[in-house]
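Number of protein chains: 2
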Amino acid sequence: MNARVYITLKPGLLDAQGKTVKSALDALGFKGVKDVRMGKYVELKLNGAKAATVKADVERMCKKLLANPIIETYRIELVQT
Amino acid sequence: MNARVYITLKPGLLDAQGKTVKSALDALGFKGVKDVRMGKYVELKLNGAKAATVKADVERMCKKLLANPIIETYRIELVQT
Chain S
1325 MNARVYITLK PGLLDAQGKT VKSALDALGF KGVKDVRMGK YVELKLNGAK AATVKADVER
1385 MCKKLLANPI IETYRIELVQ T
Chain H
1325 MNARVYITLK PGLLDAQGKT VKSALDALGF KGVKDVRMGK YVELKLNGAK AATVKADVER
1385 MCKKLLANPI IETYRIELVQ T
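Sequences listed follow chains S and H, in order. As numbered in this note's numbering, residues 1325 to 1405 make up the first sequence, in order. As numbered in this note's numbering, residues 1325 to 1405 make up the second sequence, in order.
Some clues are possibly wrong.
If several chains are the same, the list does not tell them apart, and a pair holds so long as it fits within one copy or across any two.
Stated by the list, open to error - With a straight-line Cα cutoff of 30 Å, these simulated DSS-like cross-link-like pairs (lysine-lysine) come out:
#  : residue 1 : residue 2
1  : 1355      : 1343
2  : 1379      : 1364
3  : 1355      : 1387
4  : 1346      : 1358
5  : 1374      : 1364
6  : 1387      : 1374
7  : 1379      : 1334
8  : 1364      : 1343
9  : 1355      : 1374
10 : 1374      : 1346
11 : 1364      : 1387
Hints listed in this document are in silico derivations from the structure and should not be mistaken for laboratory results.
Build out the structure end to end from the sequences listed, making use of the hints.
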């Protein structure tokens, strides 16, 4: 089974990288960009077919390593292969 | 309209960050992780309601700034707000 994890800063926290990208887009002439927020995207290939078990494992991976739960939120998506 | 962009290294290219994360997960005792690939995730808030126009704009942003089209691929998802 594959898992996709999307990690973003919690809303309200200043996203300096996103602000920089927004300025760069403005400077390149792209109009109509109101806000940019940057995050991380992780694709995992996993053994195991039980969605519930795999999801629980990936949750633990996020809490222990992939995300910083103090300042980041994450969303997990399972993809059957 | 909101757009979500997922940027990953092209398949076949060595993903050093992903390899490192995989080793760290192994070391933490997570079994069954076969592969990890890291990417970037960008959330854009945009003016404009026409999906086709917005998508074309975001394509151009990816090619010009967000992604490196030589080594990276990207996927765009539009979210109606």
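Tested hints:
1. 1355 with 1343: Only inside one copy: residue 1355 and residue 1343 sit 15 Å apart there, 38 Å across copies, limit 30 Å.
2. 1379 with 1364: both (18 Å within a copy, 21 Å between copies)
3. 1355 with 1387: between (38 Å within a copy, 16 Å between copies)
4. 1346 with 1358: within (8 Å within a copy, 36 Å between copies)
5. 1374 with 1364: For residue 1374 and residue 1364, both the intra-copy (25 Å) and inter-copy (27 Å) Cα distances are at most 30 Å.
6. 1387 with 1374: Answer is within: at 20 Å inside a copy they meet the 30 Å cutoff, but 38 Å across does not.
7. 1379 with 1334: both (21 Å within a copy, 26 Å between copies)
8. 1364 with 1343: both (16 Å within a copy, 16 Å between copies)
9. 1355 with 1374: Cα proximity of residue 1355 and residue 1374: across copies only (14 Å, versus 46 Å in one copy).
10. 1374 with 1346: between (41 Å within a copy, 21 Å between copies)
11. 1364 with 1387: both (14 Å within a copy, 19 Å between copies)
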